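A.B. asks: Sequence:
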Amino acid sequence: MARILASDIGGTNSRFALFETTGDGLEMADSIWLPTHGAASFPELMEQLWASDFAVLPGGFDAAVLAPAGAVYGGVTCPNLPNAPWGIDVRDVDFGTRKVRLINDFSAQAYACRTPAVAEAKVVQAGEAVDREPIGVIGAGTGLGYSALIWAGNRWTALPSEGGHMSFPFVGRDEAEYAEFNRLESGRNWPEGDSVVTGLGLTLVHKFLTGEELAPKEISARITPESETAKWYARFYARACRNWAIGVMAQGGFYIAGGIAAKNPLFVEIPEFMEEFHNSHVYQDFLHSVPVKLNDNEESGLYGAGFYGRQLLNA
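Be aware that the sequence shown starts at 4, since it is given in my numbering, and climbs by one per residue.
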């Protein structure tokens, strides 16, 4: 039996778990959530972990896989966490093992698709997944994450992406007005996924439509399937999903993760979502065939990091 330290470091929470390998699976032995902004640096975050009630200290595991919400370089650094005040270099911390890797947080979400973490995922659209074909993953929270899982030779490999920072496509005059509103309100060079299909994006589209500036939690408590805010946000979310499903040809299935849909499933349940998801003059049949699921397990990234840790130990 091997032990794996897994982490999912987001803009709001830093989640940690200790996994033990069992046969060809993983079993979570302990987990803890820490506030990302409660630490002034990555080493300080790790010191908080070691000082907590978490069941492990440096050297008490065989591999460590950390999955930050940012671009990873060489498996060891993530210089910029877009929604956190510091970066990560694993060489700044003594883990007690040389088998330490960084992977993007949505690479971890992709690996999670091969674990029990998605066993209870809710069906958004039924379909037949094609074995060993690409699996698409997307998820809105503090940021907008993208990844894909492909079968490469004899193992599953996650393709990292920073797609949340690509410019976002808008359609029609009303959306063009919103695009300029979004750009000015967010202070960015152009509207991007991170300012449209995120908590910030929910605040901005609600303000554009109603004049009210509310936090995402307040909006979630007020909106109904009939509200314009819900309809606009569902269309934007579906557009991001459709583009990514086509972009990676997700014949193996498509998973929607992230806190926004997990806490507000109506965004993927109201008719506007599937109407927009299917809206393609070339690939409509393909989009109708893709099995789409909502993964509302907020610890799935930990399972994905653990899955990669197992691969690391078996390499």
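One thing to keep in mind: the hints can contain errors.
[Claimed, not checked] Lysine to aspartate or glutamate pairs mimicking EDC-like chemistry, simulated, CA-CA at most 20 Å apart:
#1 K220 / D177
#2 K125 / D299
#3 K220 / E178
#4 K125 / E275
#5 K220 / D299
#6 K102 / E123
#7 K266 / E301
#8 K125 / E301
#9 K220 / E231
#10 K266 / D288
#11 K125 / E165
#12 K102 / D56
#13 K266 / D299
#14 K210 / E165
#15 K266 / E123
#16 K125 / E178
#17 K210 / E229
#18 K220 / E301
#19 K125 / D97
#20 K210 / E221
In case anyone wonders, no lab produced these hints; they're calculated from the structure. No experiment lies behind these values; they were computed from the predicted model shown.
A.B. asks: Tell me the numbers of any earlier hints that the structure contravenes, in ascending order.
C.D. replies: Hints 1, 3, 6, 10, 11, 12, 14, 16 and 19 not satisfied by this model.
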